[in-house]
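Chains A and B supply the protein sequences, listed in that same order.
Using this note's numbering, the first residue of the first sequence is number 1, and each one after it goes up by one.
Using this note's numbering, the first residue of the second sequence is number 1, and each one after it goes up by one.
No lab work stands behind these hints, which were simulated from the structure alone.
One or more hints might be untrue.
Lysine to aspartate or glutamate pairs mimicking EDC-like chemistry, simulated, CA-CA at most 16 angstroms apart [stated by the list, open to error]: (1) B:Lys5 / A:Asp24; (2) B:Lys15 / A:Asp24; (3) B:Lys446 / B:Glu390.
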Amino acid sequence: MSKEIRARIKYSKSFPASYIGHLDTINCMKRALRRSGWPVVLTRGFNPRIKLSTSPPLSLGFSSDTEFIDVSLQRHPGKYRRDILCSEMISGFKILEIRFLSEEDKEINSLIEGFFFSIKGENLPEKKIDDAEFEIKKDEMRMKVYKKGGNIRNPVKLLGGGDFKVKKLYAFDAEEEAI
Amino acid sequence: MNISKFKKQLGNFQKPGRYLGSEKNSYVPKKGKLKFLLCFPDDYTIGMSSLGFHTVGNIVDKEASYSCERCFAPWPDMEEWLRKSNTGLFSLESKTEVSRFDIVAFSLQYELSLTNMVNMLDLSGINPFRLKRKNGPLIMGGGPVCSNPAILEEILDVIVIGDAEASLPCILKEYRKNKEKSVFLSRVKNIKGVYVPGHSDRVSPAVCEKLDNKYFPKSPPVSLIDIPHNRINIEINRGCRNRCSFCRASAVYSPYREKKTDDILDAASGCISSTGYDEVALTSLSGTDHSRLIDVMDDIHYAFRDLGVSVVMSSMRPAHFLGPLSEKMARMRKGGITFAPETPSERLKKVINKRVSNRQILDAAKIASSKGWRKMKLYFMVGLPGEKEEDIEEIPRFVRKIKKESGLMISVSVKPMIPQPETPFQWLENSDIEDLNRKVRFIAKKTPARISGFNPQQHIVESILARGDSSVAGILVAAQKEGARFDQWSEHFNFNLWEKAFNNKNSSWQEYYYRDFRENARFPWDVVKRSRKEKNRMIYEKAIEEAGV
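With these hints in hand, go ahead and build the complete structure from the sequences.
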């Protein structure tokens with residue numbers, strides 16, 4: 001039996017997909033992979049599921065330029081199926097990059113150390129927030145949020161709540177390099 | 001509709017994914033075509049699980065002259081916003097207001113969704129009473145609820161009775177030719193299965209002779225959010241050979257027809273590639289009656305196992321499960337296993353013509369346990385004719401025995417029988433509500449299982465709507481005005497609103513619920529011509545004799 005390979009799919013999420021929750025997003029991705037005929041690897045046991053892992057959840061209503069799914073494959077899907085997968089994305093999802101990983105590559109969730117957010121809206125606070133660096137430019141706040149206890153915290157909650165438009169701009173690793 | 005205003009509001013709604021309408025395979029509005037709005041009077045998650053709803057959508061969407069869109073009952077938070085912002089209810093796809101469509105059609109699957117239908121009309125600024133509507137869209141309805149069209153006569157312009165595959169294409173053709181309402185109504189009444197209140201006398205249900213894939217939705221819209229039936233549903237047979245005397249579905253969906261093996265495989269293949277679902281449900285009233293079921297399960301399993309696709313059965317008879325079916329099902333993903341003994345009393349089983357023995361259920365439970373299933377659900381009924389205390393006492397004993405001998409986790413649903421229209425039991429009276437309540441409480445107390453399913457007040461409303469005549473429409477509208485919504489949902493159901501509605505109409509629920517049809521020559525639903533009334537009467541008389549009542 002040939003060895004499994006892993007593909008890292010980087011995608012963006014904007015309206016209307018920004019109103020689809022994390023678990024539903026995973027299900028949408030799984031269905032798109034099946035529709036595209038990707039040679040996915042299934043988990044063993046009575047309930048075989050597509051073997052994949054994802055970057056930390058994105059809060060409902062937020063958009064993002066930096067979401068990831070690592071999916072295990074039986075073989076390389078080929079350019080044709082890569083193109084089909086791109087066309088099978090539903091409105092609001094867009095594949096930005098597909099990269100095939102080596103054995104040494106870490107799983108996406110353990111690679112990500114934090115996210116850089118753009119927050120727009122009126123009455124942006126200027127108080128100091130623990131574990132987050134931020135700067136304000138006109139009506140936009142740029143905030144760097146680090147992982148804490150394995151989770152990325154919600155930047156709006158860090159600001160104490162409010163009606164803000166939030167977008168994840170990029171993920172960064174332990175060296176603070178964009179992923 | 002101001003879309004940007006709506007977009008800003010989305011984050012404030014529960015499950016905003018149900019209002020997006022950007023699903024894979026969602027209908028694409030066609031410019032300049034006749035606008036058809038398919039409405040489901042319940043939440044998006046329920047409507048999107050309905051095969052009948054997708055089938056009707058597919059029939060309309062295939063028509064080149066029509067543009068089909070969908071609309072679901074808005075959840076209370078969305079309704080509040082619509083009313084506060086003075087925004088009319090709108091379609092899912094193009095966000096066009098309901099009142100701007102040519103045809104608004106409701107898929108009516110169960111009686112307790114009817115207040116939502118009235119509410120959806122109200123939110124669209126459409127008068128619920130047909131005679132008070134001077135203009136606006138044509139309002140249609142179809143589905144199992146319409147098998148008693150009497151309760152809808154005051155509301156709907158056109159009522160479709162029987163299989164939509166057989167009548168809807170003809171209705172659409174007729175409307176294309178005659179859009180002027182009075183002309184259209186006078187002509188459409190000639191189509192089999194179409195009841196036009198005020199124009200039709202009696203009507204025969206439309207029957208789709210062949211259960212093929214002509215109108216089967218091979219590319220149904222795929223929900224963006226989790227829904228109860230997040231899977232491919234394929235109806236493998238329609239109608240039921242078993243004819244249990246309480247069952248309205250076997251009368252409404254008769255005669256019995258099977259889908260061919262090749263058509264089932266073709267439907268599964270088309271749906272898997274167009275939706276990406278990993279589960280195929282073979283649905284019907286009694287799926288295990290299909291003559292080639294084992295072949296069908298094998299074909300689907302071997303064709304799609306590499307994609308992780310599993311096959312589930314929506315309805316089974318234990319006698320069939322005891323054979324090779326359990327082997328086939330054991331290799332698939334295992335949810336729970338469900339059987340409907342209705343009663344463990346062999347005497348009552350004869351009365352209701354339920355040909356399932358306790359031995360078969362017990363053996364099926366043991367086999368299920370040995371093959372890896374862990375859960376079993378059992379459906380029981382109370383209020384059956386001739387029911388005695390010992391019959392009720394037998395339910396906890398029977399459940400305890402199954403649990404002990406199989407080791408399965410058992411959950412139990414107990415529902416009171418409604419003497420449904422079109423069935424041999426239509427001549428019966430509803431059971432005393434206090435008596436039903438007492439019986440269910442006893443079962444819940446003594447049965448070693450999780451019990452669900454009974455709300456006596458929901459049962460009263462459901463029964464009144466199922467057996468009602470045209471005067472019920474006024475009560476229905478009054479209940480909606482009082483605030484009744486989502487009556488199928490126990491967290492939303494409020495019987496006080498219904499009591500107020502009856503009071504407003506100088507009536508009471510008792511007057512309708514305890515209505516005695518025993519000596520009636522005519523029922524409100526007799527406008528539908530069915531061939532079994534005499535046979536039903538014979539079965540009823542035999543059952544009454546056996547029941548000793």
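Hint by hint, here is what the structure shows:
1. B:Lys5 / A:Asp24: Violated. Lys5 (chain B) to Asp24 (chain A) sits at ~25 angstroms, over the 16 angstroms cutoff.
2. B:Lys15 / A:Asp24: With Cα atoms ~11 angstroms apart, Lys15 (chain B) and Asp24 (chain A) stay inside 16 angstroms; holds.
3. B:Lys446 / B:Glu390: holds, 13 angstroms
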